[in-house]
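Chemist: Chain residues, written in single-letter form:
2 protein chains.
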Amino acid sequence: MPKLLILSREQDEYTKHIRQADLPNLNIVTEHSECEIVLGEPRIIREHLAQLSNVKWIQSIYAGVEALMDPSLRRDYILTNARGVFGELMSEYVFGYMLAHEKRIFERFKAQQAKKWDRSESGLLRGKTLGLLGVGSIGAHLAGTAKHFGMPVMGFTRASEDCMVVDRYYHEPDILKFANNLDYLVSVLPRTKDTNKIVNMDLLDALPPHAIFINVGRGNAVDEPALVEALEQGKIAGAVLDVTEKEPLPEDHPFWTTPNLLLTFHTSAISYPEDITKLFSENYHLYIEGKPLKYQVDFERGY
Amino acid sequence: MPKLLILSREQDEYTKHIRQADLPNLNIVTEHSECEIVLGEPRIIREHLAQLSNVKWIQSIYAGVEALMDPSLRRDYILTNARGVFGELMSEYVFGYMLAHEKRIFERFKAQQAKKWDRSESGLLRGKTLGLLGVGSIGAHLAGTAKHFGMPVMGFTRASEDCMVVDRYYHEPDILKFANNLDYLVSVLPRTKDTNKIVNMDLLDALPPHAIFINVGRGNAVDEPALVEALEQGKIAGAVLDVTEKEPLPEDHPFWTTPNLLLTFHTSAISYPEDITKLFSENYHLYIEGKPLKYQVDFERGY
Chain A
1 MPKLLILSRE QDEYTKHIRQ ADLPNLNIVT EHSECEIVLG EPRIIREHLA QLSNVKWIQS
61 IYAGVEALMD PSLRRDYILT NARGVFGELM SEYVFGYMLA HEKRIFERFK AQQAKKWDRS
121 ESGLLRGKTL GLLGVGSIGA HLAGTAKHFG MPVMGFTRAS EDCMVVDRYY HEPDILKFAN
181 NLDYLVSVLP RTKDTNKIVN MDLLDALPPH AIFINVGRGN AVDEPALVEA LEQGKIAGAV
241 LDVTEKEPLP EDHPFWTTPN LLLTFHTSAI SYPEDITKLF SENYHLYIEG KPLKYQVDFE
301 RGY
Chain B
304 MPKLLILSRE QDEYTKHIRQ ADLPNLNIVT EHSECEIVLG EPRIIREHLA QLSNVKWIQS
364 IYAGVEALMD PSLRRDYILT NARGVFGELM SEYVFGYMLA HEKRIFERFK AQQAKKWDRS
424 ESGLLRGKTL GLLGVGSIGA HLAGTAKHFG MPVMGFTRAS EDCMVVDRYY HEPDILKFAN
484 NLDYLVSVLP RTKDTNKIVN MDLLDALPPH AIFINVGRGN AVDEPALVEA LEQGKIAGAV
544 LDVTEKEPLP EDHPFWTTPN LLLTFHTSAI SYPEDITKLF SENYHLYIEG KPLKYQVDFE
604 RGY
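First to last, the sequence lines map onto chains A and B. Mapping of the first sequence onto the numbering used here: position 13 corresponds to residue 13, and the numbering continues sequentially without gaps. When you read off a place in the second sequence, starting at 1, and then add 303, the result is the number in the numbering used here.
Be aware that one or more of the hints could be misleading.
[To be verified] Residues from chain A that face chain B, not an exhaustive set, calculated with beta carbons under 7 Å:
no., residue
1, L99
2, T244
3, P248
4, T264
[Stated by the list, open to error] Counterexamples of contact, computed for chain B against chain A with all Cβ distances above 12 Å:
no., residue
5, G447
6, P551
7, S571
8, K594
To be clear, the hints were calculated from the coordinates, so they are not data collected in a lab. All C-beta atoms in this analysis are idealised placements derived from N, C-alpha and C, irrespective of residue type, glycine included.
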């Protein structure tokens, strides 16, 4: 009888969904020392890690697991994160903002308020080039949606070229070549030691002045003062940030009022207990059959 | 040597594209009485119709051809309109506004202006139901995009059930049943005698209070005072109108300030000369081979 401990702010919701999933032999417990499986939020799990003396497998309900990556923490368990479930959510967000830009949604609303019949031409996503910083399962989903809208897609990755609908891959040291002809640059990078400030002044300078930068990955990927400067000087046309280095954003941070910068307060994709329970159930079946789990995190790589 | 007359405000642009297409034996002329083919805007063609003594085929660069439907006008020629080219443009517009609604793009911007870290939950298109009033080539394209985003699609048509990705079709007299469970109602109806005021108080009453109505068809489909009342009384949650009965909208029209109503000034899809030239070229080849033309308008039906 495998014993599961749920460590989440949505404990009741998860308990309900896991019970409904009716997983064979699974026992939901509240005693830390007893459990061999933990499901929950990395930051909460981190606080309890020392007491989880029998834990063998931890399933994060988030994609980001940086709270458990600190080298001082134990790594004597299998860590799996949430993947595959955020692609369609991120796609709604990213394409919502790209289309809002092309269709001039804010400008049209201003025209309406001024009672002005504004027949100025809208833009088209069709034919515009999307550049993806990171092409994991989220990036691959974004690439698929881009294809639906007729967009060429460039991918910048460490090495992998798994997603077949990406038209062209770039790797280090070609990041500036990658940036040169993009209309949209979207970062889906996780927080690791290798992703710090990838979006720096050199990269922002390499983007065309009409380009829009969207960050749905992690805030550490952005050199924040460089982004402020790029927007103030019109080096790029706009930015949409779902994530920032510090969250909530400090009240005196320049991002609140940087021109052409939109903030969305880390709301682009949330973990829906239905989705996560489905993913957990799939992994639970592999677990009890002694098979390798899906979505395992590499502690060295950090994702 | 077939002779083509171009009657468009973008005459130079079209002349350039048609010349580049290098169509066999085609001669571009400026003399009205000589031409047997006309390419252009219905409203301009209408003014010249009496002088086109030898015209056999008129290709409209727009989808809407109501200017040529007046029963007092001659119908002794083949009229083809522009189809197939607007689906992807309309899709960008419709999904741009639907995603803007779900992602609360205006509300997030207000929160940013108030320096408020607004973590309120965004909505999802996934699982929301789209209802299409009219399922021609534009409706079919919208249905395809809806499927990409995981939305069930209901279609209301006169009779046709051609688009296979529509989950369920409704026909008269079931329009209120059709409306009952929709999250989004999108009209792509052309202006005909049968489409007048289809979106009336009964239909608006049948929609759920959280529903959004989007009109990318023609303004005549809407009972405008009923829509104002429905929005003022919260019978539906919002409306996005690209078209209105009178365009430009009169300065004293209530739509300018109706709550939760967005105007976009007939900008959702424009005719790109590249697209229209492609479509014209295709039909021109059929024409010189004596084959039936594509996209023929039925004068009785009105589209």
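Chemist: Taking the hints in turn, state whether each one holds.
Modeler: Hint check results:
1. L99: holds, 3 Å
2. T244: violated, 10 Å
3. P248: holds, 4 Å
4. T264: Result: holds, 5 Å to nearest chain B Cβ.
5. G447: violated, 8 Å
6. P551: violated, 4 Å
7. S571: Contrary to the label, B:S571 does not stay out of reach of chain A, its closest Cβ about 8 Å off (not over 12 Å).
8. K594: Label holds. Min Cβ-Cβ 29 Å, cutoff 12 Å.
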